[in-house]
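For what it's worth, this note's numbering labels the leading residue of the sequence shown as 2, then goes sequentially.
Rather than coming from a laboratory, the hints here were simulated on the basis of the structure. Quick caveat: nothing in here was measured; it's all calculated off a predicted structure. Don't be surprised by glycine CBs; every beta carbon is placed ideally from N, CA and C. Check each hint, because a few of them may be wrong.
Listed next, the in silico DSS-like pairs over lysine-lysine satisfying Cα-Cα at most 25 Å (straight line) [claimed, not checked]:
| no. | residue 1 | residue 2 |
| --- | --- | --- |
| 1 | Lys198 | Lys9 |
| 2 | Lys198 | Lys259 |
| 3 | Lys327 | Lys467 |
| 4 | Lys504 | Lys462 |
| 5 | Lys198 | Lys142 |
| 6 | Lys499 | Lys467 |
Derived DEER-like restraints, expressed as beta-carbon distance ranges [what the hints assert, rightly or not]:
| no. | residue 1 | residue 2 | range |
| --- | --- | --- | --- |
| 7 | Pro148 | Met297 | 23 to 33 Å |
| 8 | Arg36 | Ser169 | 15 to 25 Å |
| 9 | Arg87 | Thr228 | 46 to 56 Å |
| 10 | Ala97 | Asn301 | 28 to 38 Å |
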Amino acid sequence: MPKALYRKWRPQSWDEVAGQEHITQTLRNAVMLDRVAHAYLFSGPRGTGKTTCARLVAKAVNCLNPDLENRPCNECDHCKAITAGRFMDLIEIDAASNTSVDDVRDLRDKINFSPSQGRFKVYIIDEVHMLSTAAFNALLKTLEEPPAHAIFVLATTEIHKIPATVLSRCQRHEFRRIPIEIIVNYLKEKSQVEGLKIEEPVFMEVARQATGSLRDAISLLDQLTSTEEEISLEKAQTILGTATSLRVIEIVDALVAKDAAAGLEQIDQALDTGTDPRQLARQVVSYLRNVLLYQMDHLNSTDITDDIKPKIHAHGNQLPLPELLKAINAFNQATVDEQANWHPGLGLELAFTEYLVKPAVVVAEQTPTPQTQPTETTPVQPQQSQPKPKPKPEPVETPVQEKAVDSQKTEPRPEKIKEEKPAKPRQEPIEKEPPQTKSAAPTVEGDLKLSDIHKQWRKVKSMVGKHNPRTEGLLNTSKVVGLKDNTLILGFSSDTLKDMMDKGGNLTLTADILEEVFGTPINVNCIVSTHESSAVPEDIEIDNDGMVGTATRDLGGKITKAKEAD
2 MPKALYRKWR
12 PQSWDEVAGQ
22 EHITQTLRNA
32 VMLDRVAHAY
42 LFSGPRGTGK
52 TTCARLVAKA
62 VNCLNPDLEN
72 RPCNECDHCK
82 AITAGRFMDL
92 IEIDAASNTS
102 VDDVRDLRDK
112 INFSPSQGRF
122 KVYIIDEVHM
132 LSTAAFNALL
142 KTLEEPPAHA
152 IFVLATTEIH
162 KIPATVLSRC
172 QRHEFRRIPI
182 EIIVNYLKEK
192 SQVEGLKIEE
202 PVFMEVARQA
212 TGSLRDAISL
222 LDQLTSTEEE
232 ISLEKAQTIL
242 GTATSLRVIE
252 IVDALVAKDA
262 AAGLEQIDQA
272 LDTGTDPRQL
282 ARQVVSYLRN
292 VLLYQMDHLN
302 STDITDDIKP
312 KIHAHGNQLP
322 LPELLKAINA
332 FNQATVDEQA
342 NWHPGLGLEL
352 AFTEYLVKPA
362 VVVAEQTPTP
372 QTQPTETTPV
382 QPQQSQPKPK
392 PKPEPVETPV
402 QEKAVDSQKT
412 EPRPEKIKEE
422 KPAKPRQEPI
432 EKEPPQTKSA
442 APTVEGDLKL
452 SDIHKQWRKV
462 KSMVGKHNPR
472 TEGLLNTSKV
482 VGLKDNTLIL
492 GFSSDTLKDM
502 MDKGGNLTLT
512 ADILEEVFGT
522 PINVNCIVST
532 HESSAVPEDI
542 EIDNDGMVGT
552 ATRDLGGKIT
562 KAKEAD
């Protein structure tokens, strides 16, 4: 029975291990200096050479070649026996099927016996993270002080599941994902030796699907070469269930154009030709990732064919970064959820439509820029000029109306109202415009006061937080200083906070929420409120209802500082 290619091509020397030079050089030096550790822990993704290097350690420490630098030699009896799998002192244990403490106790009892063939007994425990807690505890003492003739090599793909007590007793080596370029060169070299007829683009397609695992790449190539015909890119994509690069580009073109019909049509056509939906989602994510790397000036051109590079550059220039991130998240979620969907293409279709449907909040946050802020503040100024003649009667007009209502509930209020009427010489406009004041009473326009702002300030900040939590955080650090000509004055304790509030559309968002709450355009201005500069200008309106108003009107008090009550 013929061997699978990944077994046939398994490296038999340090030089044949691809993409892990940082580990092979260290192990080779340890053998050459006769300083091999008693326990190793190899961790990393699947198919990157952990078990292969573990067997090379066993072969090197038992090699009969007197030249330590050339071990393993693959010519002595011990090397040949290990290659053939009949070396008695190499014990490979699958921790996934030997998880109990009894299995570890059996190992602990047998480890004291001397080697039967070689110099060392090498125990390779694969997927060691599958051992139970009791099994790990039983292994600790032996792992810390094994017999002089014993070497442990533990291998795992999930290093975070290994107890710290085990980690501290082993020499750790981290295996990395193998770059696409190295995988392509390795496949080309081995294919030429085997005489396989494979087109050049097939190697790149296989290497992409392997996601850094050389064993997966060899297995995929073995699947493709099951026929005697020459393997073309189109045939490889059909067998592997992947979509063509053109199909992926057309889907992204529809994303950029926001053409739902074209995008869903491309997805349907890809699935109709036999493309696996999860595989298609991965391909779209991989392509969008390259677009993201291009925008970040970190694109590795060696992994991309020449026909795709111009499209990546074009899409990188057309897609704004927030929209690109949203598309990547949507399609990346489809790779996870696709298996649970009752319809094979539902996850892809949802990802595409979710990208197109943008909440209005996101648009409001992204569109305000330092360029748009001046255009938004300038049209508000003419609106401020309209209520300018109204504030003159407002201070008299609104207290009279409100306190007249309060006089029905409380007794001391009417006395204060009578004192205000003779004190203000502007009672004539009140007599001329009583119908207008009654009709304007239900709205906030025309009689907006600082007290109204204070009453609704929590609501305003909460509504702002639903749109942008960052803006709400800045508002929480501010103090409402005053209100002048429908312009709300916010005080900040430092220039840094004030500058942060002035940027990024924060003022525009706050003004929009204020207008939504009070029904009238309200501009927002920021100042730095320090001890020296905290005096309130005389033309800024301060809340005159209550204790502050009583102190200033009746007792002759003067406002020197203004601070918002908590």
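Which of the listed hints are not met by the structure? Of the numbered hints given earlier, those the structure breaks are 2, 5, 7, 9, listed in rising order.
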